[in-house]
Amino acid sequence: MGKQPVSRRQFLNYTLTGVGGFMAAGMLMPMVRFAVDPVLKGEAAGDFHPTQQKIADLTDVPVRVDFSYEQTDAWYTSEVTSTAWVYKNDKNEIVALSPICKHLGCTVSWEGSGHKDKFFCPCHNGMYEKNGKNVPNTPPLRPLDVYPTAEKDGLLQLGKPQANNIV
Amino acid sequence: MNWNGKDAALVEQQKNYIDTVLVPLVPLDFGKEFRQSAEQYEFIGLLADFLERQFKGRIVVTPPYAYVPEMAGNAALWSQKARSAAFKHVFFLTADSMWRARENELGGSVILVPSVPLGNMEESVKYSLISHQAKQLVQMVVEKWQENME
Chain E
1 MGKQPVSRRQ FLNYTLTGVG GFMAAGMLMP MVRFAVDPVL KGEAAGDFHP TQQKIADLTD
61 VPVRVDFSYE QTDAWYTSEV TSTAWVYKND KNEIVALSPI CKHLGCTVSW EGSGHKDKFF
121 CPCHNGMYEK NGKNVPNTPP LRPLDVYPTA EKDGLLQLGK PQANNIV
Chain X
1001 MNWNGKDAAL VEQQKNYIDT VLVPLVPLDF GKEFRQSAEQ YEFIGLLADF LERQFKGRIV
1061 VTPPYAYVPE MAGNAALWSQ KARSAAFKHV FFLTADSMWR ARENELGGSV ILVPSVPLGN
1121 MEESVKYSLI SHQAKQLVQM VVEKWQENME
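Top to bottom, those sequences are chains E and X. As numbered in the working numbering, residues 1 to 167 make up the first sequence, in order. As numbered in the working numbering, residues 1001 to 1150 make up the second sequence, in order.
Keep in mind that the hints are not guaranteed to be accurate.
So, partial list: chain E residues that the calculated Cβ filter (under 8 Å) puts toward chain X [as the list claims (entries may be wrong)]:
| # | residue |
| --- | --- |
| 1 | 81 |
| 2 | 104 |
| 3 | 123 |
Listed below are the simulated BS3-like cross-link pairs for lysine-lysine, each with C-alpha atoms no more than 25 Å apart in a straight line [stated by the list, open to error]:
| # | chain 1 | residue 1 | chain 2 | residue 2 |
| --- | --- | --- | --- | --- |
| 4 | X | 1015 | E | 160 |
| 5 | E | 116 | X | 1144 |
| 6 | E | 118 | X | 1135 |
| 7 | E | 88 | E | 130 |
| 8 | E | 130 | X | 1135 |
| 9 | X | 1015 | X | 1144 |
| 10 | X | 1126 | E | 54 |
| 11 | X | 1088 | X | 1015 |
| 12 | X | 1006 | E | 118 |
It is worth saying that the hints were derived from the structure and are not from the lab. What you are looking at is a predicted structure, and each value in this text was computed from that prediction instead of being measured. Where a beta carbon is used, it is the ideal one built from N, C-alpha and C, also for glycine.
This is chain E alone, in the form it adopts within the complex:
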């Protein structure tokens, strides 16, 4: 009698423990996932949207960068296209300005209607310096918003525009 026979009681004990373990794990796993979910999300691209603009191609002259991404509204998902004016400043940092005029929301353009070295708003002749600062005595009262920037695989990525704090 080298072998210990497994008794009926023991067999049932093992099986129940095993099955119970699986059930407990099945309940706990999603809970743990929910708990750490913010951490997992944080890794996914931040809130940056990719563009087609190569970082290496940027110069000190602002270029227009159009980029689109999906946005979920209350009722439906739509493709939104946004624009930024992007250049490198004297410190070789990338500056991405929002084209939305701070007066009433028209779209400004770099050297529009022949205004040298300025962003120009065609609606009410608003003007901004290259760094986004509004020119006094034109309608806008605040500087253009700036986009946070990031780089991925040599391409520019843009975040959500923020108020510009230059004085």
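Please arrange chain X on chain E, whose structure you already have, making use of the hints.
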């Protein structure tokens, strides 16, 4: 500005600056021209959206004025009312070439663009086509403002 409550409140506050009304003019047909009329509506709508974004602070885009041929003349009433409410400029955006000959009766400037059937075009192609068209219109709008000032 768009035709909604939030933008309308801004228009009332900033009437000095927001002095222009843009009316998309679209023909309506249920027979032979059914498809063309739908295509024009789609095309003009996208263009109007683009112009709204470009000139948000000066232009109010109204709901489109859609007409069967017998009603076309009534579009002039819209510009009359807008003017009497102190809007200085009224622009009509249309792809219906009939208006070339009838611009005078409208009481506003007509911006005529030949319609492009967008059909099953891919979004990105559609976007670049519209933005290309709209860029030419931007120049036209600025010129019309200047002309009307004189």
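We went through each hint and held it up to the structure:
1. Annotation: residue 81/E was flagged as interfacial toward chain X, and the flag holds, the nearest CB pair being 6 Å apart, inside 8 Å.
2. A cut of 8 Å between beta carbons decides the hint on residue 104/E: the least distance to chain X is about 3 Å, and the hint holds.
3. Contact between residue 123/E and chain X, as hinted, is supported at the beta carbon level, the nearest pair being about 4 Å apart and thus within 8 Å.
4. Between residue 1015/X and residue 160/E, the direct Cα distance comes to roughly 30 Å. Violation of the 25 Å bound is thereby established for this hinted pair.
5. A distance of roughly 23 Å separates the Cα atoms of residue 116/E and residue 1144/X; the hinted pair therefore holds under the 25 Å criterion.
6. Using a Cα cut-off of 25 Å, the hinted pair residue 118/E and residue 1135/X holds, with the two alpha carbons roughly 19 Å apart.
7. Between the alpha carbons of residue 88/E and residue 130/E the distance comes to roughly 11 Å, so the proposed pair stays at or under 25 Å and holds.
8. A distance of roughly 22 Å separates the Cα atoms of residue 130/E and residue 1135/X; the hinted pair therefore holds under the 25 Å criterion.
9. For the given pair, residue 1015/X sits about 19 Å from residue 1144/X by alpha-carbon distance, which is consistent with the 25 Å threshold.
10. Note on residue 1126/X and residue 54/E: the hinted pairing holds, with a Cα-Cα distance of about 23 Å set against a maximum of 25 Å.
11. A threshold of 25 Å between alpha carbons decides the hint, and for residue 1088/X with residue 1015/X the separation of about 10 Å falls inside it, so the pair holds.
12. With a C-alpha separation of about 31 Å, the suggested pairing of residue 1006/X with residue 118/E is violated against the 25 Å cut-off.
In summary, the numbered hints that this structure violates are 4, 12.
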